[in-house]
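Enquirer: Whole structure, please, built from the sequences with the hints as guidance.
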Amino acid sequence: MFVLKLVLKNALRHKLRMVLTILGVAIAVTAFGFIRTILTAWSAGVEASATDRMITRHAVSFIFPLPLAYRDQIATIPGVESVSFANWFGGIYKDPADPNNFFPRFGVDVETYLDIYPEFILPADDRRAFIAERSACIVGEKLARQHNLQRGDLIPLEGDIYPGKWEFVVRGIYRGKDPSVDETQMLFHWKYLDERITELQPSRSGDVGWYIFRVSDPSEMPRIARAIDDRFFNSRASTKTETEKEFQQSFVSMSSAILSSLEAVSVIIVGIILLVLANTIVMSARERRREYAVLKTLGFRPFHITGLIGGESLLIAVFGGGLGLALTFPLSQAFSQVFATLFPVFRVEVETVALASLVAFVAGLAAALVPTIRTLRMRIAEGLRAIG
Amino acid sequence: MKIPLSYTWRSLWTRRTTTLLTLGGVTLVVFVFAAVLMLARGVESTLVETGSPDNVILVRRAATSELVSQIDREAVAIIRTHPEIAQTADGTALLSAETYIIINLAKKETNDMGNVVVRGVSSHAMELRAQVRLAEGRMFEFGKQEVIVGSNIREQFQGAELGQTLRFGDATWTIVGMFEGGGTAFDSELWGDVEQMQAAFGRPVFSSVTFRLAEPESYESIKQRISEDPRTQAIDAKREQLYYQEQSQFMADFIRAMGIVVTVIFSIGAMIGAMITMYAAVANRTVEIGTMRALGFRRRSILYAFLVESILLSLLGGIAGVALASATTFIRISTVNFGTFSELAFGFVLSPDIITAAIVFAVTMGVLGGFLPAVRAARLNIITALRSS
Chain A
1 MFVLKLVLKN ALRHKLRMVL TILGVAIAVT AFGFIRTILT AWSAGVEASA TDRMITRHAV
61 SFIFPLPLAY RDQIATIPGV ESVSFANWFG GIYKDPADPN NFFPRFGVDV ETYLDIYPEF
121 ILPADDRRAF IAERSACIVG EKLARQHNLQ RGDLIPLEGD IYPGKWEFVV RGIYRGKDPS
181 VDETQMLFHW KYLDERITEL QPSRSGDVGW YIFRVSDPSE MPRIARAIDD RFFNSRASTK
241 TETEKEFQQS FVSMSSAILS SLEAVSVIIV GIILLVLANT IVMSARERRR EYAVLKTLGF
301 RPFHITGLIG GESLLIAVFG GGLGLALTFP LSQAFSQVFA TLFPVFRVEV ETVALASLVA
361 FVAGLAAALV PTIRTLRMRI AEGLRAIG
Chain B
1 MKIPLSYTWR SLWTRRTTTL LTLGGVTLVV FVFAAVLMLA RGVESTLVET GSPDNVILVR
61 RAATSELVSQ IDREAVAIIR THPEIAQTAD GTALLSAETY IIINLAKKET NDMGNVVVRG
121 VSSHAMELRA QVRLAEGRMF EFGKQEVIVG SNIREQFQGA ELGQTLRFGD ATWTIVGMFE
181 GGGTAFDSEL WGDVEQMQAA FGRPVFSSVT FRLAEPESYE SIKQRISEDP RTQAIDAKRE
241 QLYYQEQSQF MADFIRAMGI VVTVIFSIGA MIGAMITMYA AVANRTVEIG TMRALGFRRR
301 SILYAFLVES ILLSLLGGIA GVALASATTF IRISTVNFGT FSELAFGFVL SPDIITAAIV
361 FAVTMGVLGG FLPAVRAARL NIITALRSS
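Chains as they are written, first to last, in the working numbering: chain A, 1 to 388; chain B, 1 to 389.
Zero decoy hints are in this set.
These stretches of chain B come out as covered by chain A in the derived footprint (C-beta under 8 angstroms, 3 or more residues):
(1) 17-24
(2) 53-67
(3) 110-122
(4) 163-171
(5) 264-271
No farther apart than 27 angstroms at their CA atoms in a straight line, the calculated lysine-lysine pairs in the DSS-like style are these:
(6) A/Lys94 / B/Lys223
(7) A/Lys296 / A/Lys15
(8) A/Lys94 / B/Lys238
(9) B/Lys107 / A/Lys245
(10) A/Lys177 / A/Lys245
If you're looking for bench data, these hints aren't it; they were derived computationally from the structure. Note that the coordinates shown come from a computational prediction; the quantities given were computed from them, not determined experimentally. All C-beta atoms, glycine included, are put in the ideal place defined by N, C-alpha and C.
Expert: Here you go:
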């Protein structure tokens with residue numbers, strides 16, 4: 001109890017220094033939390049994958065289409081439940097230089113797609129209106145907010161993969177079942193896409209981007225993947241079938257170099273936290289050499305000295321870490337509002353909070369290490385003689 | 001009267017541990033700051049150097065990259081006859097109509113899938129790109145299912161050695177040569193005969209057309225000619241360098257924005273670190289300051305001395321940070337460029353303006369971090385300063 005009181009008194013002796021150190025640690029912890037949040041946001045798609053969904057795409061690359069005829073063949077594989085499909089539309093919305101004008105646009109098989117994605121919650125009226133109209137589309141709530149879209153609004157797109165001018169009417173706005181669901185997508189009728197492209201470029205009629213289906217038993221997934229890929233192996237378009245998670249992961253790992261640089265930066269931040277903290281602790285310990293010598297003379301044990309120095313370090317680390325974490329939330333919030341569609345799901349995860357707390361705590365211990373050892377080794381006479 | 005610099009220097013030296021810790025903080029911040037700028041510059045320069053100043057690239061209007069562009073045979077035949085295009089010795093237009101396709105290959109290190117560009121080229125492709133030269137093996141033969149690989153592909157991906165075969169499209173392709181793209185985006189591509197590619201992928205159209213201008217000034221005139229002809233009006237002409245710069249834009253901006261946000265946060269941390277150190281320096285030397293004032297040094301001299309100490313500290317940190325960052329020029333990163341959805345290898349590029357920016361950044365931190373403590377030192381009252389212990 002006595003040590004605790006002394007720790008507090010010690011910490012408050014240089015109020016300005018204390019405040020500055022807490023601020024320094026807080027800012028570094030904020031940066032740490034923010035970067036970890038970017039990292040988790042990057043792989044949000046992987047986390048949000050359902051465990052019972054699989055995706056079949058062209059074996060050579062995702063950009064090559066598969067024939068529509070594969071749908072029925074995939075459906076006959078034992079273990080495969082409902083099959084749906086989608087195409088990546090691409091296209092340009094408004095000014096392409098603004099990254100917020102980029103959001104995923106899929107031509108989907110409207111009858112089946114929403115059944116496979118139960119996490120997209122669409123009001124029954126919207127659903128009916130969407131299915132009834134060929135040029136209708138639905139958008140996620142976050143996307144609708146971002147671009148101020150309402151039911152009945154037109155979304156004009158300039159096609160690139162599918163040339164020409166396109167217009168879609170918003171007939172519904174979906175919500176995600178939980179915060180991990182991407183609410184920035186735009187879905188429309190694959191049939192509409194197919195009809196127009198058939199007119200323009202008959203060779204591309206019936207092109208499907210990828211098939212997505214549910215399986216009855218997730219443990220059967222490897223067998224199903226093999227069965228499908230074997231069936232199409234010698235066809236014109238051979239396939240690659242994988243779990244939705246693997247499919248999403250393949251997109252994340254494309255930028256693995258960027259992700260590892262961010263990881264490296266987050267490690268450097270830990271170094272900075274340590275430096276700021278260690279600086280203060282070393283400084284204080286140096287200034288108080290004489291006091292510690294007196295304490296030793298009075299019979300205080302190494303345990304007490306360790307508690308004094310370590311306690312002060314931990315105190316600063318805990319306050320700085322807490323403040324830093326508290327700041328991470330508004331910063332992430334602001335970031336996710338500015339770049340709403342770039343990172344569809346951007347939130348501070350529990351693991352991030354835990355990791356940042358751990359980092360602050362360990363830094364608090366580590367910063368006290370050298371000054372504590374030094375003080376413990378110091379001979380009393382030497383300490384008594386020390387000046388400032 | 002000025003306080004000599006050696007005073008400042010010795011003050012820093014006396015408190016070595018603290019000095020080193022503060023220095024370390026500034027070094028790390030400057031390192032990250034410089035490295036981020038270098039990386040963004042690396043992406044830009046890789047792509048900008050991919051374009052040649054006299055070359056023009058044609059893609060379909062509204063296509064943001066070759067990947068989503070289509071140009072039909074008829075249009076290419078028309079464009080080929082335009083007089084602004086340079087001619088080769090045998091009198092044909094110096095032009096290459098190309099296909100641009102992406103295939104997946106597994107990376108050597110991580111086994112992750114990378115998006116690799118397969119470029120179907122015409123016979124003038126090499127002549128159009130002065131940076132590209134064959135380094136090993138031989139050129140692919142037109143009319144055969146052969147490809148040559150860029151140096152980065154061979155380095156980074158599995159199964160891309162000479163003599164090995166790749167299966168994509170409707171065919172099996174033999175790798176017969178390796179080319180160096182001189183650090184450009186071509187290093188991350190595979191090249192083969194455009195006719196073979198079209199046949200194998202069942203796509204009778206081209207993705208892009210690249211040609212050399214006979215006169216660099218005739219760019220506007222051919223651009224107009226193409227957009228006015230009803231048969232080619234859906235095609236957009238761009239100087240090759242500009243085109244590639246646009247491809248790098250998003251990625252470079254992304255890296256830069258992310259980096260700046262992070263370093264600004266960092267720098268506040270480092271500044272606070274410097275401030276703590278300087279405040280402590282002032283507090284510890286109160287008697288010393290009082291003595292100096294008593295000896296006749298002015299307030300202003302004291303202010304300068306402490307400010308110089310802080311600036312010196314941050315300057316050293318800045319230099320160390322830049323030195324550390326310059327070591328990263330040996331690292332090459334290969335990742336998917338968001339703009340083109342394809343693999344791109346690039347490095348950290350250091351330039352004088354980045355060095356300047358990093359040093360200015362460091363010194364600014366020193367000034368901001370040292371100013372308040374220096375003011376406190378300068379405002380100390382002589383009597384109380386001398387009396388304090």
